[in-house]
Amino acid sequence: SQQGEEDPQALSIQEGENATMNCSYKTSINNLQWYRQNSGRGLVHLILIRSNEREKHSGRLRVTLDTSKKSSSLLITASRAADTASYFCATDAGYSTLTFGKGTMLLVSP
Amino acid sequence: DGGITQSPKYLFRKEGQNVTLSCEQNLNHDAMYWYRQDPGQGLRLIYYSQIVNDFQKGDIAEGYSVSREKKESFPLTVTSAQKNPTAFYLCASSPRTGFYGYTFGSGTRLTVV
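Note that the protein sequences, when read in sequence, are chains A and B. By the numbering used here, the letter at position 102 of the first sequence is numbered 102, and the numbering carries on one by one without gaps. By the numbering used here, the letter at position 1 of the second sequence is numbered 1001, and the numbering carries on one by one without gaps.
These aren't lab readings, by the way, just hints derived from the structure by calculation. Small disclaimer: the values here were computed from a predicted structure and weren't measured. Some hints could be false.
[Claimed, not checked] To give a feel for the contact side, a few chain B residues facing chain A, derived at Cβ under 8 Å:
#1 1039
#2 1052
#3 1053
#4 1097
#5 1098
#6 1111
Beta carbons are placed, not taken as given, at the ideal position from N, Cα and C, and that holds for glycine.
Take the sequences, apply the hints, and build the full model.
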């Protein structure tokens, strides 16, 4: 069953702009994670935010978590063409495995 | 370098054949996972294993089988019972289940011809 749903499905921006992707989920979670997937490749883990955290930063990435609204956002600042990829949120609801959403396709044009 | 290796990268299967996808990791991770990804879709869990000689079905286990005889290896067999096997298959591992990010392999693209 798919727990997380990303929004928007696709996002197109210019280099230097910020990109914001959202994830909503249905049940209580232990943590939420974001992954990046370049076309035809495996996923790469970006960041993990625990249920008792509200915000986390890693380089140009900023993740927020609102457990009352069951939602998270991923902000990529000063986007580069190399950030072009699909981005997935994944939730850990304590069932031993992660549940992934369908992803947001990000296109960053030079 | 530590990592997770999937082979082959591309695999073609005739209808009625069983095929086995390889997944090997040298990260000393206890847990391993198989996901299936269809175009424009998220990942759906096929099987996972938390320890050697033990594994559990995921959401879409029908038509698939796995084994976990060694910590490093978690091969996936796509059997002839799988009605629509054409997909991108991803293997992942983590130190153990819960509160850890996954390390993914680069995937195997399976096509039925």
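- Message: Going through the numbered hints above, which ones does this structure break? Give me the numbers in ascending order.
- Response: Those not satisfied are hints 1, 2, 3, 6.
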